[in-house]
Amino acid sequence: MNKDQVAGSVKEAAGKVQRKVGEALGDKKQQAKGTENQAAGKTQKTVGNVKDTFNK
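Every letter in the sequence shown is one number past the one before it in full-length UniProt numbering, and letter 33, counting from 1, is 33.
Mixed in with the good hints, there may be bad ones.
Cβ pair distances, simulated, as ranges [unchecked claim]:
id, residue 1, residue 2, range
1, 2, 26, 32 to 42 Å
2, 46, 17, 13 to 23 Å
3, 55, 26, 40 to 50 Å
4, 54, 9, 15 to 25 Å
5, 55, 9, 12 to 22 Å
6, 10, 56, 17 to 27 Å
7, 55, 25, 33 to 43 Å
8, 55, 32, 29 to 39 Å
9, 20, 46, 19 to 29 Å
10, 52, 14, 20 to 30 Å
11, 53, 10, 17 to 27 Å
12, 56, 26, 40 to 50 Å
13, 26, 1, 14 to 24 Å
14, 54, 25, 40 to 50 Å
Worth flagging that the hints you see were computed from the coordinates, not collected in a lab. Where is the CB? At the ideal position from N, CA and C, for every residue including glycine.
Generate the whole structure from the sequences, applying the supplied hints.
Below, the structure written as structure tokens:
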């Protein structure tokens with residue numbers, strides 16, 4: 001695993017937690033930020049996967 005894969009996974013997990021907290025509190029802004037962070041994490045993880053594929 002490279003640093004983009006790790007950072008992407010962490011960001012994705014944090015976004016999921018943030019979204020769930022927003023759902024629990026009924027805070028639509030928090031939910032939206034969590035969803036945004038989750039998507040950013042998935043994107044970063046995908047970039048890491050592509051880098052890893054080309055480095056092999």
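Going down the list of hints, with the structure as the test:
no.: 1; hint: 2 to 26: 32 to 42 Å; in the structure: 38 Å, holds
no.: 2; hint: 46 to 17: 13 to 23 Å; in the structure: 20 Å, holds
no.: 3; hint: 55 to 26: 40 to 50 Å; in the structure: 45 Å, holds
no.: 4; hint: 54 to 9: 15 to 25 Å; in the structure: 19 Å, holds
no.: 5; hint: 55 to 9: 12 to 22 Å; in the structure: 18 Å, holds
no.: 6; hint: 10 to 56: 17 to 27 Å; in the structure: 23 Å, holds
no.: 7; hint: 55 to 25: 33 to 43 Å; in the structure: 42 Å, holds
no.: 8; hint: 55 to 32: 29 to 39 Å; in the structure: 35 Å, holds
no.: 9; hint: 20 to 46: 19 to 29 Å; in the structure: 22 Å, holds
no.: 10; hint: 52 to 14: 20 to 30 Å; in the structure: 22 Å, holds
no.: 11; hint: 53 to 10: 17 to 27 Å; in the structure: 21 Å, holds
no.: 12; hint: 56 to 26: 40 to 50 Å; in the structure: 46 Å, holds
no.: 13; hint: 26 to 1: 14 to 24 Å; in the structure: 36 Å, violated
no.: 14; hint: 54 to 25: 40 to 50 Å; in the structure: 42 Å, holds
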